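First to last, the protein sequences are chains Z and E.
Quick note on numbering: the first sequence equals residues 1 to 284 in this note's numbering.
Quick note on numbering: the second sequence equals residues 1001 to 1278 in this note's numbering.
It should be emphasised that the hints constitute simulated quantities derived from the structure, not laboratory data.
Being a predicted model, the structure only gives us computed values, none of them experimental.
Even glycine gets a Cβ: it sits at the ideal position worked out from N, Cα and C.
A hint or two may mislead.
[Claimed, not checked] Simulated DEER-style distance windows between Cβ atoms:
| no. | chain 1 | residue 1 | chain 2 | residue 2 | range |
| --- | --- | --- | --- | --- | --- |
| 1 | E | Leu1206 | Z | Pro130 | 33 to 41 Å |
| 2 | E | Pro1011 | Z | Pro130 | 44 to 52 Å |
| 3 | Z | Ser45 | E | Asp1135 | 23 to 31 Å |
| 4 | E | Val1142 | Z | Ala32 | 45 to 53 Å |
| 5 | E | Lys1073 | Z | Gly62 | 37 to 45 Å |
| 6 | E | Pro1047 | Z | Ala167 | 35 to 43 Å |
| 7 | Z | Ala157 | E | Lys1215 | 37 to 45 Å |
[What the hints assert, rightly or not] Covered by chain E, per the in silico footprint, the following chain Z stretches (three or more residues, Cβ under 8 Å):
| no. | region |
| --- | --- |
| 8 | 88 to 100 |
| 9 | 161 to 167 |
| 10 | 206 to 217 |
The primary structure of each chain is shown beneath.
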Amino acid sequence: MTRTWSSRPSPTAAVAVAVAVHDAAAELDFEALFQEAPCGYLTTSDEGTITGVNDTFLHWTGHRRPDLLGRRLHELMPVGDRILYTTHSTPQLMVVGASTEILIGIIGADGARLAALLTAARNAAGDGVPAVVRVIIVSAHERRRYEQELVTSLRRAEAADSRRVSAEADLAHLALHDPLTGLPNRARITSYLDSALARRTANPASVGVLSINLDHFRAVNDSLGSAAGDELLRTVADRLSIAVRETGMVARVSGDGFVVVDDLAETGRHRRWPSGCSTCLTIP
Amino acid sequence: MLDVGALGALPVGRRNHVTVGGRTGGPTLLFAHGFGCDQGMWDRVLPLFQETCQTVAFNHVGAGRSDMAAYDKVKYSSLDGYAEDLLEVCDELDLRDVILVAHSVSAMMGVVAAVSEPSRFAQLVLVAPSPCYIDDPSDGYVGGFSREDVDGLLESLESNYLAWATATAPMVMGNLDSPELGDELAGSFCRTDPDAARDFARVTFLSDARPLLDKVRTPSLILQCSDDLLAPVEVGAYLHERLAGSTLVQLRASGHCPHVSAPEETAAAIFAYLNART
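Bound conformation, chain E alone (with noise of 0.2 Å):
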């Protein structure tokens, strides 16, 4: 396991607080954390890949560890300008044939960086992905959310402004077997610069990425949760439709963060995945 010390040394590595685990020389995953939240999301899912992939995990600027004097509301504006911090990652640590696995509106940054640079990526692996969250009259597509109630969420998070910039203190109750926390995770998890966390929900909000799926040639495989508020099934079917060599699997797991709540369906679904493939 390389590092996280010689990554912090890297530029991005520090950047991005990249921090790698799992086999060295086994297939390489990378994740990106949606809104919300940082890498320490993936906390649950990490172990389960480590025995035989590497696995490398990184916060998008703004979030958790990432470096807030590296933060430009201008770059950071538009889903282009996180593509090219993921791809920046992937250059850094020469990261070939990567199995990118992004969740929420990391998965479009994903399709972004794939339709940029395709030789980099074997497969894409979007975990409750959509590409447009309001709905669309003009053409009947339905992302599930109005305008209105965007400005509903940014409405949301001005009023939560100290919430999202104070830590959570671990507090993990009742079950004495649950896993410690790593590092990572006491005393940071989910942390974000609220400023950040304005401009992060209109980039994740205001983006409509569906332009882009007929370019993606990278296959890619859509985990469809039930009952997930952000992603709607019709949202799914609509990414299978367009994306081309897509494979969608609809998870038992409800909710908007399967990782989190079902850490082994989605882990094995990503394996039968990737197993059907090699």
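Pulled out of the complex, with its shape left as it was, chain Z reads as follows (with noise of 0.2 Å):
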């Protein structure tokens, strides 16, 4: 017997060395490989029927080989793999002729879900031989442990990251506004006041700027506690910001002090607007 071996031998050297040697203990030899291999071994029809099947799978899954020729392979599936197989799969195999690396759970003869990795190829059909499908198995149980810890890392890391971005954007917010009337502060309307002001110098409108501090503010505060105190502020703060409406800006810059920016480009407005914001404060 005369082998010729490359320097490398590759998958298809090795093959084509078999096809070359024709004695009958290399069939056996090779009759063995594919029943006793360490991964299952399957041959489909296209719908999934299953023509052959060896030993391993058999041993593996505790199935019969007559219960199982004939029968869909995807009928060993649980019904969320099977679908997955009929959907993604099957075209992959009748399109491009392979799918790769799936990790499906495979029901063994007493009902247990075994994690399996599949790989199949299609050899299609061609001068009367119906196409194939060839399909290994392998037992996959730690990579399904590894692909599920990595999963529900990558989950857990998405969670954490929208939690850091939401957590910053509450961060910013309370830098810039007053916890107790949501209004913003003294630095949020100090930067609002320059840019106003500098648009002014490009676009002459006026900026109108109004300081309120609120009269005997301590008396109630004293006299009825915190908590009315906390309500009047709260009050004020939301007159304020609806006389203001959205061209300007209301915070509250102390304790009892609040100060309004608004454009006062419209005519006449900044004869009306004081007395607008004293106005809306004095209604009981």
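Taking the hints as your guide, dock the two standalone chains into a single complex.
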């Protein structure tokens, strides 16, 4: 028996050698390799009907050969994997000729789910020979666990990222706003005023600034309690916000101090404006 | 044939990786792929139509070579978002009297689109359609799956996170006469963004389009496969009963993708239907 090996035997070279060797011993070797390979081998039709299965697969799943021949391969999978195999892998096999490294479950004879890695390749029909799909199935208990851990970590990272983004947004809001009334604080109104004045140099318009201090606010706090004081501040904040609308900004800059900044370009508006703001506060 | 590159310059053309082929001026067939793959699924039937018809195919956003930057979790959480895209494809290419050929979940997107813009469509060809995959014990509807089954699918998708993201290299074995795979398929076939696939699975398997069926005025052809795991024969009969002006054809092709496994039979059924109507 002569064998010629290339310096780096590839699987293709091994197959070529196998074809060249015709002695019965070699055939037995390959029969044994098929039956006892360390993975499940199956062949199916395009419809998935099982036409051949090796001993390893039978041993691993507990199924008997006669029970598997003629059954559809996807019937051995849990429903979720069955849908995946039918909608994703089958068309892949039909069009591209292969579907690789799909993680599925195989339901054993005792009903237990075995984690498996499936790779399949299809030989198209030709010259009266029907198409055949060759499937290898490897036990993938550990791999499934790793992949699940990876995906869980990915989901956790996504959740942590979205928490971080929202925490940063909260922090940014907190730095520029008064927590009691929700109004912009001194820092926010200062930068707003700066940019309003900068705009004014480019486009002459009046910027109005109104400083409001509540008279006798201390007395409200002392006589009715700080809760009533807080309530008063929130009411003032709401009313000023409504009076100013979108054109300007109201800020709480100290205990009982508010500042209103608004664009007064509209003729005559500067005359009505301060009284408008104070009127909104005098309504009971 | 319109240049694919030219379509890439159009916003919707690029977003949905729209491809156009066939005879300009012929009747327009618009192909919408189903869950699990992309427009490469139509590769075997397209040539059968291209001599006489203009064919337009596209990918849903998230599938194949669509523009993932356009992926919007909220928009694509219902059939409506996808139906909107389908109508935008028609609008951008100014397609009229469209014969929509829609597979699997896209069939119900077609139903949504035909209800919202009936004047756009001449006929609907629904390939292996189902208005609702989950059984409804309240009225005895058989969809074929339970809610637990669908949860199992979502789990299966999660386990195959990497498999969805990886393109399967073409591997045509044995038969050297097989047609060469087009560029569209080489390397990208069925590659789907795994997060988009998960959302798409929810839309596909948790949507219930049954209330829309009696609002459809467009004539339709229902292609029912034999032994289809996803659309049992009861579902085809249910649709036929509720879609006014529908024709039900039972195919010999088994499985869920007759356009892949039996392209000639599928195309012949569509031609027979269209010829009978003209």
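Structure-based check of each hint:
A hinted range of 33 to 41 Å for the beta carbons of Leu1206/E and Pro130/Z is consistent with their spacing of about 38 Å. Here the CB-CB span from Pro1011/E to Pro130/Z is close to 46 Å, well matched to the stated 44 to 52 Å. Hint check: Ser45/Z to Asp1135/E, Cβ distance near 29 Å, so the stated range 23 to 31 Å holds. Range check, Val1142/E to Ala32/Z: about 47 Å between beta-carbon atoms, so the 45 to 53 Å window is met.
Between Lys1073/E and Gly62/Z, the C-beta spacing of about 43 Å keeps the proposed range 37 to 45 Å intact. In this structure, Pro1047/E and Ala167/Z break the distance hint of 35 to 43 Å, their C-beta atoms being roughly 55 Å apart. For Ala157/Z and Lys1215/E, the hinted distance range of 37 to 45 Å is satisfied, since their beta carbons lie about 44 Å from each other. For a cut-off of 8 Å, the count of residues in the region 88 to 100 of chain Z with a CB near a CB of chain E stands at 11, and the three-residue condition holds.
Residues of the region 161 to 167 of chain Z with a Cβ under 8 Å from some Cβ of chain E number 0, which does not satisfy the need for three, so the listed coverage is violated. Interface restraint, the region 206 to 217 of chain Z with chain E: violated (0 residues with C-beta to C-beta distance below 8 Å; minimum three).
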